[in-house]
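Participant: Each chain, letter by letter, is given below.
Number of protein chains: 4
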Amino acid sequence: MDRRIIGYQDTSTPSSVVSRRAGEGALRNVGRSAHPDDTVVDVGGACIGAGRFAVIAGPCAVENEEQCMVVAEAVKRAGASMFRGGAFKPRTSPYDFQGLGASGIEILSRVKREFGLPIVSEIMDARDLDLFDDVDMLQVGARNMQNFTLLKALGKTDKPVLLKRGHAATIDELLMAAEYIAAGGNTRIVLCERGIRSFDPRTRNVFDVAAIAVLKGLTHLPVIADPSHATGHAELVAPVACAAVAAGADGLEIEVHHNPGAAASDGEQSLTPERFARLMKRVSAVEDALSHAAFR
Amino acid sequence: MDRRIIGYQDTSTPSSVVSRRAGEGALRNVGRSAHPDDTVVDVGGACIGAGRFAVIAGPCAVENEEQCMVVAEAVKRAGASMFRGGAFKPRTSPYDFQGLGASGIEILSRVKREFGLPIVSEIMDARDLDLFDDVDMLQVGARNMQNFTLLKALGKTDKPVLLKRGHAATIDELLMAAEYIAAGGNTRIVLCERGIRSFDPRTRNVFDVAAIAVLKGLTHLPVIADPSHATGHAELVAPVACAAVAAGADGLEIEVHHNPGAAASDGEQSLTPERFARLMKRVSAVEDALSHAAFR
Amino acid sequence: MDRRIIGYQDTSTPSSVVSRRAGEGALRNVGRSAHPDDTVVDVGGACIGAGRFAVIAGPCAVENEEQCMVVAEAVKRAGASMFRGGAFKPRTSPYDFQGLGASGIEILSRVKREFGLPIVSEIMDARDLDLFDDVDMLQVGARNMQNFTLLKALGKTDKPVLLKRGHAATIDELLMAAEYIAAGGNTRIVLCERGIRSFDPRTRNVFDVAAIAVLKGLTHLPVIADPSHATGHAELVAPVACAAVAAGADGLEIEVHHNPGAAASDGEQSLTPERFARLMKRVSAVEDALSHAAFR
Amino acid sequence: MDRRIIGYQDTSTPSSVVSRRAGEGALRNVGRSAHPDDTVVDVGGACIGAGRFAVIAGPCAVENEEQCMVVAEAVKRAGASMFRGGAFKPRTSPYDFQGLGASGIEILSRVKREFGLPIVSEIMDARDLDLFDDVDMLQVGARNMQNFTLLKALGKTDKPVLLKRGHAATIDELLMAAEYIAAGGNTRIVLCERGIRSFDPRTRNVFDVAAIAVLKGLTHLPVIADPSHATGHAELVAPVACAAVAAGADGLEIEVHHNPGAAASDGEQSLTPERFARLMKRVSAVEDALSHAAFR
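Residue numbers (this note's numbering), protein chains in the order written: chain C, 1 to 296; chain U, 1 to 296; chain H, 1 to 296; chain X, 1 to 296.
If you are wondering where the hints come from, they were derived from the structure by calculation, not from laboratory data.
Treat each hint with caution, since some may be false.
[Said to hold, decoys possible] In silico SDA-like pairs for lysine to any residue, Cα to Cα no more than 25 angstroms straight-line:
#	chain 1	residue 1	chain 2	residue 2
1	H	152	U	274
2	H	152	U	265
3	U	156	U	129
4	C	159	C	90
5	H	112	H	66
6	H	156	U	130
7	X	159	X	268
8	C	152	X	102
9	H	156	U	101
10	C	152	C	291
11	U	152	H	126
12	X	156	C	76
13	C	152	X	101
14	H	281	H	260
15	C	156	X	126
[Said to hold, decoys possible] FRET-style restraints, in silico, Cβ to Cβ:
#	chain 1	residue 1	chain 2	residue 2	range
16	X	274	H	70	28 to 38 angstroms
17	C	95	X	65	50 to 60 angstroms
18	X	77	U	267	41 to 51 angstroms
19	C	40	U	288	23 to 33 angstroms
Note that beta-carbon positions come from the ideal geometry of N, C-alpha and C, so glycine has one too.
Sequences and hints are given; from them, build the entire structure.
Facilitator: Encoded structure:
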């Protein structure tokens with residue numbers, strides 16, 4: 001599917017405030033006008049963007065080697081192209097499990113060697129960069145989207161960065177955060193819509209599906225969706241994943257756990273391997289339907 | 001003031017409020033437990049719900065007979081099964097065009113006779129019910145979602161009602177508004193997600209795509225989406241429409257105008273007939289893909 | 001305090017969207033430019049606006065005569081100048097107590113005769129206007145702020161109207177709703193900030209205290225605050241009431257119940273008479289402090 | 001998908017999430033139950049909390065020595081007890097002025113020696129701590145409220161920390177962020193309400209005045225308000241500052257610039273020295289009125 005069809009270029013609305021904040025001039029590297037064609041980001045051999053669709057799957061937190069091996073085997077079989085797992089966890093409370101740290105990264109490395117899946121993990125501190133040597137894509141979480149110290153440090157690396165939208169970040173602020181990374185020389189950036197704060201207690205966040213289409217118009221960077229954090233409920237992950245793909249997303253990040261009830265974090269929103277396999281089939285059906293020539 | 005009075009204990013309210021407001025018991029008519037199977041609503045021969053997918057299309061406001069005939073011909077040809085048009089318009093300013101009123105309804109009637117399309121129009125005042133005799137589905141707008149006077153009056157009719165979610169209504173409040181209608185004896189209700197208020201100026205509202213999946217779990221009533229009002233931009237209507245369908249929507253309401261630049265209201269979000277025809281193809285592709293038995 | 005000091009006229013920010021919606025031209029009757037001096041609204045002898053401060057107090061719902069008499073005696077003694085009580089209640093669920101209706105209004109009339117307090121009660125249906133003959137100020141609730149049918153009907157009466165801000169209404173939409181009433185010939189309007197929907201579960205709504213100052217700059221109408229509905233917790237009513245006065249509010253509406261634990265609705269946010277009396281002292285202290293010449 | 005899976009029962013999450021996140025047990029150091037009496041934080045001799053009221057004033061960004069000296073002289077004369085100025089600026093765009101850095105801190109040091117005012121400045125990177133040796137209170141900005149790396153580093157210092165609420169942070173998340181600092185051993189923390197994201201374009205953020213009262217109930221830490229960032233408009237700073245004080249704030253942080261029209265950042269919301277002096281008088285009047293024994 002040529003996603004530029006659903007672009008935004010011809011819209012007159014952006015108010016003066018918006019254009020001042022994220023005008024053509026300001027998005028020197030990540031704006032469509034800077035680079036009209038879609039960018040493909042190669043993450044350890046798995047490509048994303050410009051029609052290359054990728055699914056990143058795995059547990060919220062790396063708990064132990066067995067857990068990761070079991071989940072990795074299952075998600076690879078179902079068609080995921082990258083493995084995710086948190087070794088450094090940003091938790092609301094300082095007394096909650098903070099992740100396994102360096103030894104969590106080592107477990108991810110063993111998963112990578114065992115299954116050939118590129119690995120994705122969140123970095124919270126630029127001083128940890130050495131520990132992430134073997135990690136294929138560095139994730140910046142929603143809480144750190146405007147941690148400019150971290151963004152600038154990542155701009156000086158040559159590693160792909162998965163930048164998640166902040167809880168109350170506007171689309172323009174997300175693009176500007178990407179511009180911080182790009183300004184340092186690193187344009188291997190993948191953006192991720194993961195829900196924004198709102199008033200309805202039925203879902204953890206409101207998944208802003210239109211933001212995907214807006215972003216695809218404003219930037220050449222790949223845009224993926226995280227329906228797990230957006231909704232907070234396993235039952236809602238598949239319909240929201242399909243919606244994201246239908247709106248033009250270039251990929252998905254999905255939490256999968258072989259025993260969600262016993263997960264160290266975010267068990268309520270984690271899919272079992274079986275459920276994940278069903279989701280992959282539904283997502284592929286939507287992806288196939290929209291990639292037919294007739295809709296280009 | 002003794003500040004310690006405001007202790008943590010008091011915060012048990014959120015969930016108790018929710019369950020009190022929209023618990024199983026409260027949704028006596030519209031809840032899934034009251035009626036496990038999906039409801040089909042027949043609108044003048046066009047069916048919606050339980051796998052019957054329907055698209056309602058037409059101009060935001062009825063402007064004149066020629067406009068309606070031209071648009072009706074086009075949307076029928078593209079596959080729409082109902083025609084919409086506002087005769088009584090709820091406008092933010094009292095000095096904006098308020099709709100043609102009764103003569104607007106007469107124009108809709110002529111469209112109905114000419115093209116055999118059931119007609120849908122917004123009612124703002126229960127005292128106007130007689131004027132809506134020939135209208136097949138009565139629309140309750142977002143601003144009137146909790147106009148209980150109007151809801152109760154509609155509950156005593158036998159006409160299908162299209163109930164739109166309020167700008168800041170929770171999912172449970174939307175269901176309770178439907179329950180007001182159903183409590184009067186009328187359960188021919190179709191719910192509509194049309195975006196909620198949020199902070200990002202890039203879209204008119206935030207389209208809450210997950211709400212569709214949540215609603216389909218909580219109620220047996222059909223749920224449709226209005227991507228035109230949700231986004232406010234013609235370019236975003238197709239991707240958001242496809243997303244809604246992928247999330248499980250039973251239908252769509254789309255604004256179409258033969259000359260959006262000259263529309264009396266909401267021109268920016270109206271599709272041309274050509275664009276609407278392309279949208280119908282994309283939507284059908286998603287609908288087909290997901291209706292395969294394998295994904296049910 | 002001359003509230004125009006905290007006016008807004010010299011600000012350059014209003015975006016084009018805002019100025020289009022609520023520009024000078026559109027606020028023909030309620031805008032400051034239409035009428036630079038503050039308006040005083042006389043409600044059955046109790047005046048509000050232009051330095052005249054008024055407190056409206058009473059129970060959320062009229063439950064029975066004894067309740068109203070006990071509460072009215074207490075709030076009058078503490079300094080309230082009007083009595084409020086709901087006879088027609090807009091409830092989220094159709095199965096919750098909907099108010100005593102006409103007999104509730106009769107109880108309010110007896111309170112009025114007994115204590116000489118003007119009475120304020122919510123109207124939900126224009127067809128009930130006759131029942132409100134003896135009511136001194138007609139309240140339009142948040143859910144009906146854009147019930148234009150009701151607003152237009154009230155515009156044709158000569159009764160003061162207390163117009164509450166909708167859950168997700170912008171300041172400009174509130175002013176436009178007032179303009180609907182004023183366009184019909186009735187400019188005896190009092191605006192009320194009562195909190196807007198947001199994400200924090202600690203309070204029922206977010207009380208938008210700055211909106212009071214913004215409104216005082218944009219309109220000559222009196223602006224009051226409802227800290228009871230805004231916060232939803234009795235403990236928070238006094239600090240928020242004082243804040244509203246400090247920001248320039250011309251009055252307050254406060255829920256008081258002689259036995260909050262047994263209230264038919266909103267008991268959690270109702271003050272006991274003793275607590276209300278303490279609140280009145282704190283509010284007066286703030287009011288006095290700011291009305292000194294030095295701060296004009 | 002079996003839609004009935006998403007039953008009402010699941011909605012018990014909101015409160016359990018809250019109590020898990022910020023229950024009595026979790027707020028081991030900053031909760032009221034851990035320390036019932038109000039904490040006083042001594043910032044280079046200026047005290048805040050437990051009835052000690054303090055105003056921090058100065059420019060958004062340190063631009064040059066002359067600017068700081070002129071503003072410092074003025075705010076000291078008007079009664080401010082601390083001087084603020086940003087040397088490291090978190091800007092949405094990487095191409096905007098990022099602050100003077102280390103030389104900005106040197107200018108602040110000279111202000112401190114010249115006027116005897118303790119200085120407050122924002123830190124964005126734990127690696128800069130040495131540069132902040134002479135700074136009396138380290139400010140953590142809204143964007144870094146959940147930069148746990150930074151919070152943990154500050155927890156190991158013995159310097160007062162001014163922690164600002166994030167744009168979409170709940171009250172409980174703010175308290176948990178403070179707990180991150182306190183868990184490291186540093187309980188010299190001042191919290192700051194500075195507005196949250198919402199939908200109304202009239203103000204930059206919505207100032208959540210009730211949050212001040214809620215926080216004062218939940219924690220023994222001092223709570224101040226920043227009406228400059230909350231509103232974004234100079235005209236609104238005074239009424240919102242007074243409101244904050246009336247709601248129980250222990251202090252204020254106010255942006256002052258001798259020539260707002262030429263400010264390097266945030267000129268629209270900066271007060272002139274004259275306006276700041278008037279604000280101080282109004283604030284003092286409210287403070288005095290409420291500190292009378294009768295209202296405690």
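Participant: Run every hint past the structure and note whether it holds.
Facilitator: Going through the hints against the structure:
About 39 angstroms separates the Cα atoms of residue 152(H) and residue 274(U), which puts this hinted pair outside 25 angstroms; it is violated. For a cut-off of 25 angstroms, the pair hint linking residue 152(H) to residue 265(U) stands: about 21 angstroms separates their Cα positions. Under the criterion of a C-alpha separation no larger than 25 angstroms, the hint pairing residue 156(U) with residue 129(U) is consistent with the structure, at around 11 angstroms. At roughly 21 angstroms between alpha-carbon atoms, residue 159(C) and residue 90(C) fall within 25 angstroms of each other, so this suggested pair holds.
For the given pair, residue 112(H) sits about 14 angstroms from residue 66(H) by alpha-carbon distance, which is consistent with the 25 angstroms threshold. Proposed proximity of residue 156(H) and residue 130(U) is supported: the alpha carbons are some 24 angstroms apart, at most 25 angstroms. For the suggested pair residue 159(X) and residue 268(X), the alpha carbons sit about 31 angstroms apart, so the restraint of at most 25 angstroms is broken. Distance check on the hinted pair: residue 152(C) and residue 102(X) sit about 18 angstroms apart at the alpha-carbon level, within 25 angstroms; holds.
Using a Cα cut-off of 25 angstroms, the hinted pair residue 156(H) and residue 101(U) holds, with the two alpha carbons roughly 20 angstroms apart. For the given pair, residue 152(C) sits about 36 angstroms from residue 291(C) by alpha-carbon distance, which is inconsistent with the 25 angstroms threshold. For the proposed pair residue 152(U) and residue 126(H), the alpha carbon gap of about 14 angstroms is at most 25 angstroms, so the pair holds. Proximity of residue 156(X) to residue 76(C) is assessed by CA-CA distance (about 43 angstroms); at most 25 angstroms being required, the pair is judged violated.
The straight-line distance between the Cα atoms of residue 152(C) and residue 101(X) is roughly 15 angstroms, inside the 25 angstroms bound, and the hint therefore holds. Straight-line distance between C-alpha atoms of residue 281(H) and residue 260(H) comes to about 21 angstroms, which keeps the hinted pair within the 25 angstroms bound. Using a Cα cut-off of 25 angstroms, the hinted pair residue 156(C) and residue 126(X) holds, with the two alpha carbons roughly 19 angstroms apart. Look at residue 274(X) against residue 70(H): about 52 angstroms separates their beta carbons, and that is not inside 28 to 38 angstroms.
The hinted range of 50 to 60 angstroms is not satisfied by residue 95(C) and residue 65(X), whose Cβ atoms lie roughly 45 angstroms apart. The hint said 41 to 51 angstroms for the Cβ distance between residue 77(X) and residue 267(U), and at roughly 56 angstroms that hint is violated. Checked against the given bound of 23 to 33 angstroms, the beta carbons of residue 40(C) and residue 288(U), roughly 29 angstroms apart, stay inside it.
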